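**Q** Below, each chain spelled out in residue letters.
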Amino acid sequence: MRVKLTGIRKSFGALEVVKGLELDIADGEFLVLLGPSGCGKTTALRMVAGLESVTDGRILIGARDVTDVLPKYRDVAMVFQSYALYPHMTIAENVAYPLKLRKVPPAERDAAVRAAAAKVHLDDLLDRYPRQLSGGQRQRVALARAMVRRPSVFLMDEPLSNLDAKLRGHMRSELKRLQAELGVTTIYVTHDQIEAMTLAHRVAIMNRGIVQQIASPRQIYDDPANLFVAGFIGSPPMNFLQGALVDGAFVCPEGRVAVAGAENRPRVTAGLRPEDCQVTGPSQGKIAARVYALELMGDHTLITCQCGEATLTVKADKGAAHEMDAPIGVTFSERSVFLFDTDSGERIRRPRNE
Amino acid sequence: MSDDARPLLRRLFEPSSIDTQAPAAKVLTYGLLLLWSLVVLVPLYWVLITSFKGPGEVDNGPFYLPFVDFKPSLDAWRFMLLENNTLGPYLNSVVVALASTGLAVLIGSLAAYALVRIRFQVKLAAIAIFLLLLVGVITLVATLGVSWQIAVAVAVALFLLALATVVRRTRRAVGNNDIEFWIISNRIMPPIVAVLPIYVMFQQLRLLDTQIALIATYTAVNLPIVVWLTRDFFAGIPIDLEESAALDGASRFRIFFTIALPLVRSGLVATFLLVLILAWNEYLLALFLSNADAQTMPVLVSAQNTTRGPQWWNMSVLIVVMIAPVVVIASVLQKHIARGLLVGAVKG
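Each protein sequence line maps, in turn, to chains A and B.
For the first sequence, counting from 1, position 116 maps to 116 in my numbering; every step adds exactly one.
Position in the second sequence (from 1) plus 354 gives the number in my numbering.
Hints should not be assumed to be uniformly reliable.
Label-pair distances were calculated between CB atoms; the ranges are [stated by the list, open to error]: (1) B:A518 to A:S235: 55 to 61 Å; (2) B:T519 to A:D68: 25 to 31 Å; (3) B:R473 to A:T198: 38 to 44 Å; (4) B:T519 to A:Q132: 56 to 62 Å; (5) B:L498 to A:E16: 53 to 59 Å.
Computed list of chain B residues with no C-beta within reach of chain A, every gap over 12 Å [what the hints assert, rightly or not]: (6) Y399; (7) Y418; (8) A465; (9) G499; (10) R523; (11) I546.
No lab work stands behind these hints, which were simulated from the structure alone.
All values derive from a computational prediction rather than experimental measurement.
Note that beta-carbon positions come from the ideal geometry of N, C-alpha and C, so glycine has one too.
Produce the entire structure from the sequences given, and follow the hints as far as they go.
**A** If you want it as structure tokens, here you go:
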């Protein structure tokens, strides 16, 4: 079902943690709220769930205004970071609990529990207690309990962050498939950009209680709206150089890069993705630098370069070999340069790389 | 360990590994435990054998070993159980202790849960006005002879008026911590200081010397203890569990009875036991509030101190009969006092 948030604000005392959130989530969409800790994303999710009251604004689920509706009447299901399984109930009882509260007849309830359990491969564990299960299995129980009653919206609060890295990758793909199969609108909160990029139809990046950009993962990566989004998305993160725009070129102490179509500006930050940079001979590159460290990652090498005050990371071939402190040059295509206003953080758009 | 190279003194005072005790410490520990066991067990033993003694054995004693020192007799048992009315006070004790403990634990845990999970804000002005009106009503009714119905009606109207006007504009309020402290502070002063008003109250209600009076008093007296003990158990439940239940469609009472209560079961059982023993052994209030019909066991025990001198043998019989059920209940319930039920609730 469609979920719409308009002008949502939330204050705890004098502290405003969500400042005018606008979200319009389509039916069946997988929306990820992404941001650093304390950015207000979990609070936003809890307001949709009804666990937190809103200070201002309206929340609509479908055509219904649920702003002042108790959680149990909102028809949403939530998966908590801690899974929140009831320790004194078996897995079957855990999954059946929401149905029991809705007075679903026992036979029907049983069938629904079995179906949900089968969907997340829990068939054999129904008689066990949560304490007898591994982390990944508990995670599945939480998912089964959330989907057993076919809610109109799924809410997930960092559901994968308590799993180890390998299991997390596995559950990520399962989650994506499950959501596609069920077609239930999902709001998913995470601070992990990989989860956001891989799972989402659209990502809403939040910082300090404000949405910075809402777009598809590809757009967010290829066309960041501002300095924060550019720096938050990407691993290793985008490189930033401080300088100025002078006569159609970005000028910094370490070099000069021609950028067409940009007006003169005193304080400008240039952003470069590590994979768009190449290392060249000392005097051939656009920017002069020194090798600071070399890290072999397996299929590629990360070269960290000292470039005046800034450090630049270059994603290079796995065969790359440089001495520490060796002078080098860094080059890149003009199109791959993102320009931002240093003070406001806003993107400076120019005709060629929009 | 044969290849222990440490000198003898160090071996005596130093443990051989981090999770063991040094020999000297061991001797001290077990010695003290033995001493304490004697302090606890000897009186019990003494009561038990005294119940099989007669006046002669008690007065000419001390005799320590039945069949050796003296010839045990069942006279005291026969007298207390068959000829004397012991069953009445015994049933009174059972009913009063169980009912008051059950009520105190139910009401107390509900209160503790509410204090942990619901935010209360009571305006100080509202409390002040309430107390003022209360005093006013009492003075009017008691000294000026105003009919109490009129006085209460006027007071309620005034209170509502004050709530809507004066109280609204004030800021100062008491929160959960204040309420909690107030509840616990009820136990700072011993309940016996209130025994006269309690006595008069039950007298006016014509409830003196009834089980109801004792149950009500004991419930009130033990309530703060229950709130105080159980509040931490409820605070220890991860809030996620309850929020999850709320989203699953459970009401507050549903969450309390199906999620919160089962999770604090072990703590609740311990609290139940403690309060039960307090109520079972209570003497002073029972002495004031009961006479013949509602007399409880502790009062009956002290009644054996008769004009003919203390009847030690009869008293001992009663004490043995009083101890037995507590031991049985404690040993039945103690396996429920196992902790660690929350394992598996949250985190991986």
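**Q** What are the numbers of the hints the structure violates, in ascending order?
**A** Of the numbered hints, all hold.
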